[in-house]
Amino acid sequence: MTIKYSEDHEWVELTEDDLVTIGITEFAQEQLGDLVFIELPEVGDDVSQGDNISVIESVKAASDLIAPVSGEVVEVNERLNDEPELASEDPTGEGWFVKMKLSDVSELDGLMDESAYQKFSEE
Amino acid sequence: MLNYIMGLAMTETINEFTTEFHQMHVDAGAKMVLFAGYDMPVSYPLGVKKEHIHTREKAGLFDVSHMGQVKLIGKNAKKALESLVPVDIVDLALMKQRYALFTNENGGVLDDLMVTNIGNDSLMLVVNAGCKQADFAHLQNTIGNECEVKVLEDYALLALQGPQAGKVLAALAPESCEMTFMTAKFLIIDGIECLVTRSGYSGEDGFEISVHNNQAQQLAKCFLANEAVEWIGLGARDSLRLEAGLSLYGHELDTEHSPVESSLVWALSKARRPDGARAGGYPGADVIMDHIENGVSQKIVGLQPEGRAPVRDGVLIVDEQDNNVGKVTSGGFGPTTGKPIVIARIQTEISDGTKKLFAIVRDKKIAVEVVKLPFVKQNYYRG
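Here the protein sequences line up with chains A and B, keeping their order. Just so we're aligned: 52 in our numbering is position 52 of the first sequence, and the numbers increase by one with no gaps anywhere. Just so we're aligned: 165 in our numbering is position 165 of the second sequence, and the numbers increase by one with no gaps anywhere.
This is chain A alone, in the form it adopts within the complex:
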């Protein structure tokens, strides 16, 4: 089980050969504050690394979730529609955003491992 991190403060967990689960990190959650609305992509969407795939609204501001990898959205966390606070309370567990089927597994190599991310987010 590998977890990688993006510079946009997202985590990407490889669960099977080419399947990943994506969410926001604890650091991101803390910075965003109370989340009040999350707009998820559609299942079946083809996304490229760098695309805006989701909108995250806190009490104060709107932010984008940027696809850390390319591929097809195979599942979205429907619970976030009614309970966006899940992404605040449990960002690395029940507050996951999307599951994707990777089109290029090697993109994961370009992401940070946990220690690199920790150093990155401390800066």
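There could be a bad hint or two in this list.
[To be verified] Below, a list of computed lysine to aspartate or glutamate pairs in the EDC-like style, where the Cα atoms sit at most 20 Å apart:
#  : chain 1 : residue 1 : chain 2 : residue 2
1  : B       : LYS364    : A       : GLU85
2  : B       : LYS339    : A       : GLU122
3  : B       : LYS355    : A       : ASP45
4  : B       : LYS365    : A       : GLU85
5  : B       : LYS339    : A       : ASP45
6  : A       : LYS101    : A       : GLU83
7  : B       : LYS364    : A       : ASP104
8  : B       : LYS364    : A       : ASP45
9  : B       : LYS339    : A       : GLU83
10 : B       : LYS364    : A       : ASP82
11 : B       : LYS339    : A       : GLU78
12 : B       : LYS50     : A       : GLU85
[To be verified] Not the full set, but computed from the structure, chain A residues with beta-carbon under 7 Å of chain B:
#  : residue
13 : GLY33
14 : LEU40
15 : PHE120
Calculated directly from the structure, the hints in this document are not laboratory data. Note that CB positions come from ideal geometry on N, CA and C, so glycine has one too.
Following the hints, put chain B in place on chain A, whose structure we already have.
Okay, now just chain B, sitting in the frame of chain A:
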């Protein structure tokens, strides 16, 4: 993601002012942001939502020392200030407070402010942080020869807001019980001399307390010692005022729109209106009086969006035929209502709620309904 984080990071390099409470905010774990040139607490570890709800249920303490405090002193001070605002100042009774607006020659609004008659031929003004330098210059340039314009650089301003604010202050200064909404009193709190008004910007009962910087921290600690009181940041200050339907300068009010176009006719005193005893006599009076008499084509209303997606400032409002009929002036999420809430400037002719309206958010049409402001009932103490 996270334009918000970038926004925070950017503030670090800019030269900024701090208030007397800055270290207390940092010690309390506040998230600090640059606001109107000041490094201010946007939220504390409690978070915006819980801070908001705490204020609605108990009592919140806000550092609003970034706002401008200025005294006008002299026999002509009242008359002089009347020449700048469409509000009755001459008849403002001793220790009474009134909401006012500085207008410009076109009838637009330069800033909104609170005016208190504190006796001894003196008026105390509180103006917005972002406008204060311009306001001070405006006062000096226009009425500086008629009265002394004394900027209170060494004074802090705290707001204590919420249903328990009265109880909290009464425990420290029992005579505060006699105060009603929009009145003032000089109080000694824990040995500290303060000018207190029963007013605020949350829609709740509460007070604003002006205190010399030297004793400001001691006073704040005094309030915080009461378990009903928590520090509340600017994030919740904004969501509280939005739910309470209160205007914010730069959003509902600006130099481009008259007070009538911003639905603030209630703030224009009878004495200064077309048939009043002292009609006109302030910048832009011809425009504003024309707007009062003949009506205007746009107004400020509340909108309730359908669903959960917040509709933010600047979002366009359209009708069913996609005609542009207005724009959101303040939008966000109401922690008390648990829904997105919106204040918008829309065409008067469609403001009666009979036409279907929509907000355009990320190319999608979200249905919105015209509703009466405020979103949450105001709980002022009127005695």
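Hint check results:
no. : hint                   : verdict
1   : B:LYS364 with A:GLU85  : violated (23 Å)
2   : B:LYS339 with A:GLU122 : violated (34 Å)
3   : B:LYS355 with A:ASP45  : violated (35 Å)
4   : B:LYS365 with A:GLU85  : violated (24 Å)
5   : B:LYS339 with A:ASP45  : violated (29 Å)
6   : A:LYS101 with A:GLU83  : violated (25 Å)
7   : B:LYS364 with A:ASP104 : violated (32 Å)
8   : B:LYS364 with A:ASP45  : holds (18 Å)
9   : B:LYS339 with A:GLU83  : holds (13 Å)
10  : B:LYS364 with A:ASP82  : holds (19 Å)
11  : B:LYS339 with A:GLU78  : holds (19 Å)
12  : B:LYS50 with A:GLU85   : holds (13 Å)
13  : GLY33                  : holds (6 Å)
14  : LEU40                  : violated (12 Å)
15  : PHE120                 : violated (12 Å)
Hint compliance for this structure: hints 1, 2, 3, 4, 5, 6, 7, 14, 15 are broken, all remaining hints hold.
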